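Same order as they appear, the protein sequences are chains P and L. My numbering applies: residue 1 is where the first sequence begins, and numbers increase by one. My numbering applies: residue 1 is where the second sequence begins, and numbers increase by one.
Source of the hints: derived by calculation from the structure; they are not laboratory data. These numbers were taken from a predicted model, which means no experiment stands behind them. Each residue gets a CB set at the ideal place from its N, CA and C atoms; glycine is no exception. Check before you lean on any hint, since a few could be wrong.
Quick partial rundown of chain P residues pointing at chain L, CB under 8 Å, derived from the structure [unchecked claim]:
1) Thr43
2) Ser47
3) Arg48
4) Glu92
5) Thr178
6) Leu355
Partial pick of chain L residues on the chain P-facing surface, computed with a CB cut under 7 Å [unchecked claim]:
7) Asn69
8) Gln90
9) Gly376
10) Arg379
Sample of chain P residues with no beta-carbon within 12 Å of chain L, all distances over it, derived [claimed, not checked]:
11) Pro228
12) Pro317
13) Ile376
The chain contents come next:
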Amino acid sequence: MEDLTKYAVESALAAGASYADARYVRRVVERVQTNNGVVEGLTASESRGLGVRVIAEGAWGFACNSVLTPEGARETAELAVRIAKASATTRERDVALAPVEPAVAGAQTQCRQDPFDVPLEERISLLLDCDRRMAQVAQLAVREGYVSAYRETKHFASSEGADIAQERTETGAMISATAARGETQQRSYPGSHGGQVATRGWELVEELDLPGHAEELAQEATALLDAPHCSEEELDVILDGGQLALQLHESCGHPIELDRVLGTEASYAGMSFLTPEKLGTFRYGSEQVSITADATLEGGLGSFAYDDEGVPAQRTPVVEEGLFCGYLSSRETAAQQQLPGGSSGAMRADGWARLPLIRMTNVNLEPGDWALDEIIKDTKHGLLLRVNTSWSIDDHRLNFQFGTEIGYMIEDGAIVGIVRNPTYTGITPRFWGSCDAVAGAGEWVIWGVPNCGKGEPGQSAHVGHGVSAARFRNVRVGVLREGPPSEE
Amino acid sequence: MLDTQTLMDICEQVLQRSPAAETQVLVSAGTSGLTRFANSTIHQNVAESNAALSVQAVEGRRVGVARTNNTSLEGLTECVARACAIARHQVENPDFPGLAGPAEYAPVHQDFGGTPTCGPEQRAAAVAQICEVARAAGPAASGAFSTEASSLIVANSHGVRAQHVSAGAGLNVTMTGPTSAGRTTAQALRVEDVSARALAETAARKALDSADPVEVEPGEYTVVLEEDAVADLVDFLGWTGFGAKAVQEQRSFLCGRIGRRICGENVTIYDDGLDPTGFALPFDYEGVPRQRVVLVDRGIARGPVYDRTTAAKEGVPSTGHGLPPPATGGPFPLHLCLAPGDSSLEEMLASTGRGIYVTRFHYTNIVHPIRTELTGMTRDGTFLIEGGRITRGVRNLRFTQSILEALSNVELIGQAAKLVDGTRVPALKVHNFRFSGTTEF
Numbered sequence: 001m002e003d004l005t006k007y008a009v010e011s012a013l014a015a016g017a018s019y020a021d022a023r024y025v026r027r028v029v030e031r032v033q034t035n036n037g038v039v040e041g042l043t044a045s046e047s048r049g050l051g052v053r054v055i056a057e058g059a060w061g062f063a064c065n066s067v068l069t070p071e072g073a074r075e076t077a078e079l080a081v082r083i084a085k086a087s088a089t090t091r092e093r094d095v096a097l098a099p100v101e102p103a104v105a106g107a108q109t110q111c112r113q114d115p116f117d118v119p120l121e122e123r124i125s126l127l128l129d130c131d132r133r134m135a136q137v138a139q140l141a142v143r144e145g146y147v148s149a150y151r152e153t154k155h156f157a158s159s160e161g162a163d164i165a166q167e168r169t170e171t172g173a174m175i176s177a178t179a180a181r182g183e184t185q186q187r188s189y190p191g192s193h194g195g196q197v198a199t200r201g202w203e204l205v206e207e208l209d210l211p212g213h214a215e216e217l218a219q220e221a222t223a224l225l226d227a228p229h230c231s232e233e234e235l236d237v238i239l240d241g242g243q244l245a246l247q248l249h250e251s252c253g254h255p256i257e258l259d260r261v262l263g264t265e266a267s268y269a270g271m272s273f274l275t276p277e278k279l280g281t282f283r284y285g286s287e288q289v290s291i292t293a294d295a296t297l298e299g300g301l302g303s304f305a306y307d308d309e310g311v312p313a314q315r316t317p318v319v320e321e322g323l324f325c326g327y328l329s330s331r332e333t334a335a336q337q338q339l340p341g342g343s344s345g346a347m348r349a350d351g352w353a354r355l356p357l358i359r360m361t362n363v364n365l366e367p368g369d370w371a372l373d374e375i376i377k378d379t380k381h382g383l384l385l386r387v388n389t390s391w392s393i394d395d396h397r398l399n400f401q402f403g404t405e406i407g408y409m410i411e412d413g414a415i416v417g418i419v420r421n422p423t424y425t426g427i428t429p430r431f432w433g434s435c436d437a438v439a440g441a442g443e444w445v446i447w448g449v450p451n452c453g454k455g456e457p458g459q460s461a462h463v464g465h466g467v468s469a470a471r472f473r474n475v476r477v478g479v480l481r482e483g484p485p486s487e488e
Numbered sequence: 001m002l003d004t005q006t007l008m009d010i011c012e013q014v015l016q017r018s019p020a021a022e023t024q025v026l027v028s029a030g031t032s033g034l035t036r037f038a039n040s041t042i043h044q045n046v047a048e049s050n051a052a053l054s055v056q057a058v059e060g061r062r063v064g065v066a067r068t069n070n071t072s073l074e075g076l077t078e079c080v081a082r083a084c085a086i087a088r089h090q091v092e093n094p095d096f097p098g099l100a101g102p103a104e105y106a107p108v109h110q111d112f113g114g115t116p117t118c119g120p121e122q123r124a125a126a127v128a129q130i131c132e133v134a135r136a137a138g139p140a141a142s143g144a145f146s147t148e149a150s151s152l153i154v155a156n157s158h159g160v161r162a163q164h165v166s167a168g169a170g171l172n173v174t175m176t177g178p179t180s181a182g183r184t185t186a187q188a189l190r191v192e193d194v195s196a197r198a199l200a201e202t203a204a205r206k207a208l209d210s211a212d213p214v215e216v217e218p219g220e221y222t223v224v225l226e227e228d229a230v231a232d233l234v235d236f237l238g239w240t241g242f243g244a245k246a247v248q249e250q251r252s253f254l255c256g257r258i259g260r261r262i263c264g265e266n267v268t269i270y271d272d273g274l275d276p277t278g279f280a281l282p283f284d285y286e287g288v289p290r291q292r293v294v295l296v297d298r299g300i301a302r303g304p305v306y307d308r309t310t311a312a313k314e315g316v317p318s319t320g321h322g323l324p325p326p327a328t329g330g331p332f333p334l335h336l337c338l339a340p341g342d343s344s345l346e347e348m349l350a351s352t353g354r355g356i357y358v359t360r361f362h363y364t365n366i367v368h369p370i371r372t373e374l375t376g377m378t379r380d381g382t383f384l385i386e387g388g389r390i391t392r393g394v395r396n397l398r399f400t401q402s403i404l405e406a407l408s409n410v411e412l413i414g415q416a417a418k419l420v421d422g423t424r425v426p427a428l429k430v431h432n433f434r435f436s437g438t439t440e441f
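Could you put the whole structure together from the sequences, leaning on the hints where they help?
Written as structure tokens, this is what we have:
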């Protein structure tokens, strides 16, 4: 496919483009899904095609096609140029790109054990074992499990001479238990919304030890049915794991996307309160809060070697000891804002049929120097909230509200019980400004978020967030009012 | 785009090549174009062409599914082989009822006008009109204008041969000023029926009228919800509880309530995939004819919708709402409608002493599925209603509200229903709608 991508670029230049790049992408996914002792889904999917992006007459055009022939590539390139010329009818200034040294390179995820080599029977057996363990413990309405293997092979060529081949492998897994009695309570491991996903092999699944957590999950889901409802008050909140990852994702990862800041997502995903004059001056959080975007982290779901403009993966400071200091950017937005380092290498496309947008890589809360146990012991009256169930934030990324599967009540430094249906809400900089303790590197984990949505037509990005636990003071919880007694 | 006959030939080749006891193939092919604009200029402009197929191989009650978009002979052969190999590795699924038998499908006659041939130049010309309105009015225009045309075939080894051609156009326009924004949308089968200039003028007026918004306290308000906001709420009912699998798994708000009142008697919700004015589809992804299903009849729960697996568990017929295999989420209603009433927006406003006018919601999400409690933000045109008229813009509000409770508090229902992302709904006036927070803009 290397020749086809180069031919597409040449065809675009011949049709009148001043810049062109082409991406061939082949994506293969295998997924096993179980439900109440039944293998509900056992699927293998493949999708491949060519996407061509051009600048012609100072404007962008993009076309893509699953017909992988020289004629198909040429027609796609010519259509992209035609589209760019149509775009040019409304342009007010020509697209300009920050420079990048064109790379000729190859890269591949390193796995100890290729997930595609694991026999299907073994993957099925693992999930059914979890199912049996959950079923033995409790009468559950639903017992679910899934494992996935994903591989993306990509070839990128540009009219500037870039020629990059990459192959990424991802593995994911999750189990969940749902108890029902008038209402439902769910517990998931290692997290919800896809569980844990990483650019690693089957060794991830073995490390997660799904069967070892199945019984506890079932017990907690059942116990939650009788737990008190999370009442409305202000108290200290400790977030860890996937919930803190999602908090970071929604309230930092998205508002630092420079395309949002500059208004290009105004009609859909929204804009950002982190407007350009705030760079370097705005206090985003407390001094305990330092955040980076890093596409170089081994195993991170948001890791790669080169982005979809051929810019090398890099680490970008975003917040340093509370001060906002960096964006995720592209070649175009870096040129527009005259960013000294050029693009931060954050342009990523969802497969061959989408053009690249500025997306998160791995956006991480840098570790502090506490331990979670110490934070709990130091908390007089609070809640430890785990595993997301509900998430919502306004279109400038300020007012947010989250719900989690479970809340652990903390009184005088000890966990004293659980609450059901916990919710919390806040305003982003006030919330991060209240952060007064962050756990250390020994407890830091990169959580995968495989379903980050953006763009029209819609795209889904695989991103990561490295976090350890953190505490936030005086947070409003219990937004969901207690309802009438459940009908059984 | 591959024509329907070519797609049917692909299906026949797959069925001939499959050694499985039962085989189903879904083939879809389409072209689409989307012209996106922001800051009153086109900044992303795309076109896609793709054909994809899914092969479901069945051996007894062992089911394997493989998908590809490689429609060459080699690609089809590999896909069939993969599906059969997966089926062999499978364990028996006692709930699998087998593939559907042949059926007759209700004809749906639709006029797509110039939609299938609408190109980038035509879309760009429409966007140019929008940008012209923006430059004259002041706010910056953003949005997306899309057109698409596609074919779908479902065929299986029992003789199912279902085919359908569809097309559609959609335009959303947001006008953003220094302190406010306004938005409107349109969807149609015929691209000729989408008026870019009219939409732009409406969005611009909303942005200008909501400038310098005031803050209002959270609390319960009477609200007038435009159609886009109503569609958001109704869609969530569809995703969380109108499918039979959610009911059978005790996760639906319908559990224990079918035949009982769940909302106001002025509310009727149904699913109708045969409506020729919408994005009709006369069959589901199992090749079963799609039925019109009344989900809520004057406030009384009736529904849910079924696929073959959930129907077999209860000994009832499928309603034709199966999704592409393996359909692990169960059946879903894809063509929801909330029946219109007899009120105009003007009547809703005139009858409101104090309330909030909502253009649309943003980032809505479920908080409690059994209580149908949702949260989300208002956006792009939120106004204070005082003394029967819109007086000024307000800062956006967060709501945390049960949908069924809201639908029990409906005072007036709009007389015109609008198509919003495939769901057809009117505007509503609702009392005691709970806003739980505010934001800073």
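Checked hints:
1. Thr43: 4 Å, holds
2. Ser47: The hint holds - Ser47/P has a Cβ within 8 Å of chain L, the shortest such distance being about 5 Å.
3. Arg48: Holds, about 7 Å.
4. Glu92: 6 Å, holds
5. Thr178: 7 Å, holds
6. Leu355: Given a least distance of 6 Å, the restraint on Leu355/P holds.
7. Asn69: At about 5 Å, which falls below the 7 Å cut-off, the nearest Cβ of chain P leaves the hint on Asn69/L intact, so it holds.
8. Gln90: 5 Å, holds
9. Gly376: Nearest chain P Cβ about 6 Å off; hint holds.
10. Arg379: At about 5 Å, which falls below the 7 Å cut-off, the nearest Cβ of chain P leaves the hint on Arg379/L intact, so it holds.
11. Pro228: 15 Å, holds
12. Pro317: 26 Å, holds
13. Ile376: The assertion about Ile376/P holds, with a minimum of 26 Å to chain L.
No hint from the list above goes unmet by this structure.
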